[in-house]
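Build the full structure now, drawing on both the sequences and the hints.
Just so you know, the sequence shown maps onto residues 8 to 394 in the numbering used here.
These are calculated hints, taken from the structure and not from any lab test. Where a beta carbon is used, it is the ideal one built from N, C-alpha and C, also for glycine. All clues given are correct.
Label-pair restraints from in silico Cβ distances:
(1) Pro-176 x Trp-70: 38 to 44 Å
(2) Pro-313 x Pro-92: 49 to 55 Å
(3) Gly-272 x Arg-324: 18 to 24 Å
(4) Glu-268 x Met-182: 52 to 58 Å
(5) Pro-226 x Glu-99: 32 to 38 Å
(6) Met-182 x Ser-131: 34 to 40 Å
(7) Glu-170 x Trp-70: 40 to 46 Å
(8) Val-75 x Thr-256: 36 to 42 Å
(9) Val-330 x Glu-250: 55 to 61 Å
(10) Glu-250 x Arg-139: 23 to 29 Å
(11) Thr-233 x Glu-312: 38 to 44 Å
(12) Ala-323 x Trp-70: 53 to 59 Å
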Amino acid sequence: MPLARIVSAMAILLSVLGAVAPAASEAYRGLGLITPYPDQTLPTGSGHLIPLTVANYGLPPQWVDVRVVQAPPGWTVVLQAGGRPVGAVLVEPDQSRALSLWVEPPERAAGGPFPLVLEAHSSSARARLPLRLHLSEQAPQPLALEVGLPVLRGAARTVFTFELTVRNPTERDVMAALSARAPDGFRVDFLPRFSEQEITGLPVKAGDSAQIDVRVAAPRGTPAETYPITVTALAGTMSASQELTLEITGEPRLKMAPPDERLSGTAYLGVETPLQLQIENVGTAPAEDLRLSGFAPANWSLRLEPAQIDRLAPGARTMVTAVFKPGAKSLAGDYLLTFEAHGRGTEATLEYRVTALTSTLWGLVGIALAAVALLLVGLVVVRYGRR
Numbered sequence: 008m009p010l011a012r013i014v015s016a017m018a019i020l021l022s023v024l025g026a027v028a029p030a031a032s033e034a035y036r037g038l039g040l041i042t043p044y045p046d047q048t049l050p051t052g053s054g055h056l057i058p059l060t061v062a063n064y065g066l067p068p069q070w071v072d073v074r075v076v077q078a079p080p081g082w083t084v085v086l087q088a089g090g091r092p093v094g095a096v097l098v099e100p101d102q103s104r105a106l107s108l109w110v111e112p113p114e115r116a117a118g119g120p121f122p123l124v125l126e127a128h129s130s131s132a133r134a135r136l137p138l139r140l141h142l143s144e145q146a147p148q149p150l151a152l153e154v155g156l157p158v159l160r161g162a163a164r165t166v167f168t169f170e171l172t173v174r175n176p177t178e179r180d181v182m183a184a185l186s187a188r189a190p191d192g193f194r195v196d197f198l199p200r201f202s203e204q205e206i207t208g209l210p211v212k213a214g215d216s217a218q219i220d221v222r223v224a225a226p227r228g229t230p231a232e233t234y235p236i237t238v239t240a241l242a243g244t245m246s247a248s249q250e251l252t253l254e255i256t257g258e259p260r261l262k263m264a265p266p267d268e269r270l271s272g273t274a275y276l277g278v279e280t281p282l283q284l285q286i287e288n289v290g291t292a293p294a295e296d297l298r299l300s301g302f303a304p305a306n307w308s309l310r311l312e313p314a315q316i317d318r319l320a321p322g323a324r325t326m327v328t329a330v331f332k333p334g335a336k337s338l339a340g341d342y343l344l345t346f347e348a349h350g351r352g353t354e355a356t357l358e359y360r361v362t363a364l365t366s367t368l369w370g371l372v373g374i375a376l377a378a379v380a381l382l383l384v385g386l387v388v389v390r391y392g393r394r
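Here's what the structure looks like:
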C-alpha cells in the first residue's frame, strides 16, 4: 500500500475519533426518578409501598419537589420517607435519596392497568416516572405481617403492646424495615420479642418468621375514641401491612386545692380551724368511691367532712371541709398538713402549711395575771410600808 494512502486513512480515522470522543465523554446531567419495577402486579385488599429513588447526576445540590401528577380515582397515594409524608428532598451532587410511594386501592378495585405518574423537579431540572399497576387476588404474598389481637382497649395513660409476627416465605433472607402511621402525638416503638431494645428493622431468614412487639403510647388526656394505626414491613419490593386499633377509654383525674389556691394559712394553738377544700374531676370519666384522709402533726386533731364521695362526674367539683386543731401544748411555728383523695384508678394529694400562733386569749390571761400580781404587790407595800 502506498504511503500516501496509509497517511490518508489515518487522517480520516483520527478525524472520526475526534468527532466521537467529545460526545462520548459528555455524561448525563440532570435529575432521575427511578423505581426497580415500574410495571408490577399487586395483591388486592391492602396497601403497598413502592420504593423510589431521586438521583442527582452532576448538578449542584438540588431542592427537589416530588409530587404525584396522576393517580387512579379513589386510590390513596402518599409519598413517604422514614415513615412520614414528605413533599421534597435535598440531593447532593452525584448522590441519591430513597423514598417510598404508599398506594392503597379502593376495596373493590381489581384488574388494571392503573396508571400513575410521578414528577420530580428542581429549579434547573425535571424528571417524570410513569407507573403501571395491576391488581390480582392471585398475586403472590411474599411477605406477611400477622397480629394476634388487633384491637386493644385502655385508658390514655396505658402503654399498649401489640404482638406481631413477620413471615418470610421466600427463598432468601431479608431485612424488613418497620414503619407505622399513627395519629398526631402518638408514639410507636418496635421491639424484638422479650427485648427492650428499640429497632427500625428486623432480619428474617428465608422460610422463617420473627416476632416483634409494637408499643403504642397515646398523649396524656387523649379523648375517649377509637384510633387506627397502620404498621408496615418493607423488604425491597415486598411489603406487608397490618391494621391495628386502639380504643381509648376515659379516665378520672382529680385536682384538690383550696378555692383561692392558697396553700398556707394560720391557726391558734388549741383552737379548731376550718379549711375549705375543693375536689374537682378534670378527667374524662367519672371518679367513683372517693375516700378522703388527712395527716396532721402529733397532738393535733384533724377530721374531714365528708370523708367519702360516691361519685364525681367529669368536670364536676365539690367542697370538703377539713377541721383541724393545733395541740394546745404545741410550740408556735410552721407545720404541714397532708390531704389525700383516693378513688378507682385516680388519686390526688395536697400539702398545706399552717403557721400556729399563741392564742390571744392566753395572752389576755397572762396580762390579767400580771396585773393582779402587781396589784397584790402594791397592796402589800401600801399596807406594810408604813410600819
